[in-house]
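Asker: The listed protein sequences correspond, in order, to chains A and B. Residue numbers for the first sequence follow the numbering used here, so the first one is 3 and each next one is one higher. Residue numbers for the second sequence follow the numbering used here, so the first one is 631 and each next one is one higher.
To be clear, the hints were calculated from the coordinates, so they are not data collected in a lab. Just to be clear, a hint being listed does not mean it is correct.
[Claimed, not checked] Coverage of chain B stretches by chain A, computed from C-beta distances (three or more under 8 Å per stretch; other residues unrestricted): (1) 642-650; (2) 761-770; (3) 780-792.
[As the list claims (entries may be wrong)] The calculated label-pair distances, taken between Cβ atoms and stated as ranges, are: (4) F797/B - G165/A: 43 to 53 Å; (5) G30/A - E669/B: 38 to 48 Å; (6) G104/A - P647/B: 49 to 59 Å; (7) G710/B - M120/A: 17 to 27 Å; (8) L103/A - T789/B: 26 to 36 Å; (9) G676/B - G104/A: 28 to 38 Å; (10) I744/B - G135/A: 47 to 57 Å; (11) P647/B - R152/A: 40 to 50 Å; (12) T151/A - I744/B: 50 to 60 Å.
[Unchecked claim] Incomplete in silico selection of chain A near chain B, CB under 8 Å: (13) E50; (14) S51; (15) A161.
All C-beta atoms in this analysis are idealised placements derived from N, C-alpha and C, irrespective of residue type, glycine included.
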Amino acid sequence: MSWEAEIVDGLLDAEIDLVTQLPDGAMGAVLEGIQESDVDTLRVEREESAIAAASGAWVTGERAAVMCQSSGLANAINAIGSLSAPARLPFLALVTRRGDLGEFNVAQVPAGYGLPGMMDEMGIRHTVVEEPGTLRKTVRMAADSAFSTRTPYVVFLDATVTGYGQEAQ
Amino acid sequence: MAADQFACTAAVIEETPDAVVVSNLGVASYVLAEVGDRERNFYLWGSMGSTTATGVGVAHGTDEQVTVLAGDGSLTMSLGVCSTVATADQSNLTVVCFDNGIYGTTGGQPTPSIDFAAAAEAQGLPAERVDSDDEFAAAYADAVARDGPSLIECTVEPTDPEARPTFDFPHIPRRVRDSLTE
Ligand SMILES: Cc1ncc(C[n+]2csc(CCOP(=O)(O)OP(=O)(O)O)c2C)c(N)n1
Ligand SMILES: [Mg+2]
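Next comes chain B alone, as it looks inside the complex:
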């Protein structure tokens, strides 16, 4: 079984319409843009492996929900970041790892197979594993409601979205900032 990355991303926006959503470079950002552009979409165009840590920084300065949409390849690159999420212990932070089993953005080469939920738990970060749209929506609602950060490992079908966020990279965080501070 595998969930649909579009449906799960749409479920994030539906459950937490005011959340800052920090999306991994490539497919996660393209899907987010296709689901719908919003001021608080913090699309990344680079820094593979740093998506989750970027979310930790955002979550420090706001009380709004902050949701990271990571990829399995990127999270593998900095798997120890789960310990930083656990250390920071922010109740407004949720990390979603979309595990499509590939480096989708670079052409679909297989990623190492990792039990991300177990890896997160081993670092003190509570985690859940899901593989359907309904399970994801329920797990996400639980994650948002809980008093502490957590990770959801979501097995998804590979997808190749058409949409792209703006190529004007500095505009993306500026817009998030204006939305949070004005």
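So that you can see chain A by itself, here it is in the shape it has in the complex:
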């Protein structure tokens, strides 16, 4: 099974109702897979809005996930820090993490490489997935824990999973 299909299955297993997202090239097949399922998707103008919309959905009983690139999570730090975390509005985030192994673009490095540490500083739980084999289970378990503990959970997908651009080679 492709890593993309594993993620889609994990989201279905987790009974996610809504995926808020701003497109990322690496996640194209994941988005297509979700759009072929019964899960609703919402494209936002800025990732901060993806976090806010996913957080807002919780008050209706829904389970929402956010999909974005690490630069997008960096765009959304204040929404996490001043809405989702303090108001206890849970969501699952699936974040393609740039800036580490194979990265050619230095503009992706400070935020992408640093985000797991930034999440630690903010008390936001996360895991960095480097091998695709257990992705379906990881996505399911991250979502289950987010919604049962009423706290956000971020799953970072490293380039070892998603592949990487070799523009500089």
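Position chain B with the ligands relative to chain A; hints supplied.
Answerer: Structure of chain B with the ligands alone, referenced to chain A:
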């Protein structure tokens, strides 16, 4: 001319008593609390610029009316969110932008002057501009009745309310959720 933010907020509750009302941090939430605390008042204590997107998320999961009370400074911070409201195309969502011309909550510094109705329309979100209590009440009734989201830009006099929502932030969305799901 300028409308009264208390009268307009009260008109929202009177027209749509069961609505989830998502209120911008600061003055909009203080006015809402002073007009009357209710289970479905989703006061925000932070996330300037994210009030409207929070409302989009709420509107996705319920058929009840969802009304966002935004501020001009906060909407300016994320003006592109009007495109997200237009994209989501939810018939139960209304965005009110209370334009007091200032960052009221932080002491009254002037905000950039923006034609919010034009900015919303340019992003595909129908909008109307009002500057009196009566005009607001009529525009709000129209907005709720229409089959799609819209924005009302309401010019208001600055105000400095006494009331505060509970400081127990997690309690606020919990109460909204219980009211919608129990
Ligand atoms: C990201 C961020 N920037 C700045 C602030 C400080 N701040 C809190 S409320 C506010 C003013 C908001 O202005 P507006 O949306 O016009 O609402 P008003 O206070 O006028 O009702 C500001 C600047 C903040 N809390 N968060
Ligand atoms: Mg203002």
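Asker: Need the list of violated hint numbers for this structure, in ascending order.
Answerer: 1, 2, 3, 8, 11, 12 and 15
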